[in-house]
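Take the given structure of chain A and dock chain B to it, following the hints.
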Amino acid sequence: MHPAPSVIIFTTFSGLGFGLLFWLGVGALVPGGLSAFIWFTIAYVAAVGGLLASTFHLGHPERAIKAFSQWQTSWLSREGIAAVATLLIMAFYGAGLVFGGTRFAALGWLGAVGALTTIFTTAMIYAQLRTVPRWHHWTTPALFLTLSLGGGALLGGQVSETIGLLALAGGLQLYAWAMGDKRFQRSGTDMDTATGLGHIGKVRAFEPPHTGTNYLMREFIHVVGRRHAVQLRAIALGLGFVLPVVLLLLPFSHIFAVFAVFSHIAGVLVVRWLFFAQAEHVVGLYYGKR
Amino acid sequence: MTQLPGPTAKKLGLVIDLDTCVGCHACVISCKAWNTENYGVPLSDQEPYGADPSGTFLNRVHSYEVQPAQGTAQLVHFPKSCLHCEDAPCVTVCPTGASYKRVEDGIVLVNESDCIGCGLCAWACPYGARELDAKEGVMKKCTLCVDRIYNENLPEEDREPACVRTCPSGARHFGDLGDADSDVSKLVAERGGFDLMPEQGTKPVNKYLPPRPKDAEPQIDILAPFLEPIAQDGKGFVGWLDKALSALPGGAK
Chain A
1 MHPAPSVIIF TTFSGLGFGL LFWLGVGALV PGGLSAFIWF TIAYVAAVGG LLASTFHLGH
61 PERAIKAFSQ WQTSWLSREG IAAVATLLIM AFYGAGLVFG GTRFAALGWL GAVGALTTIF
121 TTAMIYAQLR TVPRWHHWTT PALFLTLSLG GGALLGGQVS ETIGLLALAG GLQLYAWAMG
181 DKRFQRSGTD MDTATGLGHI GKVRAFEPPH TGTNYLMREF IHVVGRRHAV QLRAIALGLG
241 FVLPVVLLLL PFSHIFAVFA VFSHIAGVLV VRWLFFAQAE HVVGLYYGKR
Chain B
291 MTQLPGPTAK KLGLVIDLDT CVGCHACVIS CKAWNTENYG VPLSDQEPYG ADPSGTFLNR
351 VHSYEVQPAQ GTAQLVHFPK SCLHCEDAPC VTVCPTGASY KRVEDGIVLV NESDCIGCGL
411 CAWACPYGAR ELDAKEGVMK KCTLCVDRIY NENLPEEDRE PACVRTCPSG ARHFGDLGDA
471 DSDVSKLVAE RGGFDLMPEQ GTKPVNKYLP PRPKDAEPQI DILAPFLEPI AQDGKGFVGW
531 LDKALSALPG GAK
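Heads up: the protein sequence lines correspond to chains A and B, in order.
Following this note's numbering, the numbering of the first sequence begins with 1 at its first residue and continues without gaps.
Following this note's numbering, the numbering of the second sequence begins with 291 at its first residue and continues without gaps.
Hints are all accurate, no fakes.
Computed list of lysine-lysine pairs in DSSO-like fashion (alpha-carbon distance at most 27 Å, straight line):
1) Lys-182/A / Lys-493/B
2) Lys-504/B / Lys-202/A
3) Lys-476/B / Lys-300/B
4) Lys-476/B / Lys-504/B
5) Lys-322/B / Lys-289/A
6) Lys-493/B / Lys-476/B
7) Lys-493/B / Lys-202/A
8) Lys-182/A / Lys-202/A
9) Lys-289/A / Lys-493/B
10) Lys-182/A / Lys-289/A
11) Lys-493/B / Lys-300/B
12) Lys-425/B / Lys-66/A
13) Lys-425/B / Lys-322/B
14) Lys-289/A / Lys-202/A
Since the hints were made in silico from the structure, they are not lab data.
As the structure is a prediction and not an experimental result, all values here were calculated from the model.
One chain only, chain A, in its complex shape (with noise of 0.2 Å):
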């Protein structure tokens, strides 16, 4: 899949956004006033931000208020739902940190169940899309859940928790990398399921329908990037979740706060742009790639 700059940074701000809400909400850090009034303007710059960012690869964003609409069967639907419905309650609740100094709890635990539901709903636009047999697993939703929480514990200064969420993390990608590697091949999609002329002999693809490219390879294969995977895994895994948690543990220091921070953030964006780049769709199969 074509790792477009707009989603990758859609998922990951969005993704720390909403887990940054979700500590809020629950209660972990209660701030009040102007400390208050920060924490939201980071959580809701990265929440909002990567919405924003998500609406650059529309074709027509000027409609994208349709897409409220079919809910029913769309996941996409689904998360935008979600997000304006959790941005919403979350707003109130900030409001009565930030002017009121008070804590409307049922309003926190509501807007943190929404911050949820937007995260996972986000998952569910990639895990249930069969045509990518490597997105098409449950450690999709459990690695975008686990990611924002424990980024958002990290943001919102949960130690312990950050340290426990993103060792689980971490183990998850690497079990979703091993896992996913073969999963194309185990998927039951093939060059004869593709052309139904297996029975016959080898099939392969002789002449591509056309001399130039076109929007379906463009946005389905994606060869280049994938020559430095393995390395590309081990700076996501050291940058997304091994130094934070080391910059952790040592004594604490702001610094090494802000450190973890920017360590994560740049591990993620790298974790996001494996997820799409290293993504085959079975379409390629028509063209004789992957």
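Chain B in isolation, oriented as in the chain A frame:
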């Protein structure tokens, strides 16, 4: 509405004969010609006369080489367009309701004025049947020429999809695959028509007919092996010239 209508009684679709298709791409061109001027926005091209041309097509012809365990390889031309699946994954993922499957005949269409161009339906389609138009930013797909097949302004013989109408080798057939007695259903039953990627669970309406087994080629000319080869080493002056030139640096051996 992106909820699927459930099994439709009428299932209009195509039957594509891989035995007969000669790979001329006439269906690709007639499809582009009809659909760029009719249903929805035009099918745009980018740099059509430049170094890196590309464009939106609703129908494309691939060619595959099939190598049997024994004997010579076979070339199979393979037209591919929307299969108008019964369980169309492209429809249910659509967040706006722009994609829908018609109750009356099972045709899968895009209402372009509702399409936000998110591309998720193209991600959900295993066949590459949907292409986002680079100029208009909306999703384009085969309409089964819905604006031809019911069009009473056209002569009756033209009321079939443009690709079917134009195919010079009769490799494309159009009809109701929900009716077991229709010509296309009989053809599928007779020739062992099959689904593409059945394991994806999409239940395609369009069917493909497999290439018929190849005849074993008999020896065409029994005398051919005994004929003298025409090209021989030169004799006399020409032979000497041949050797002399070959001996020069870089000469042909």
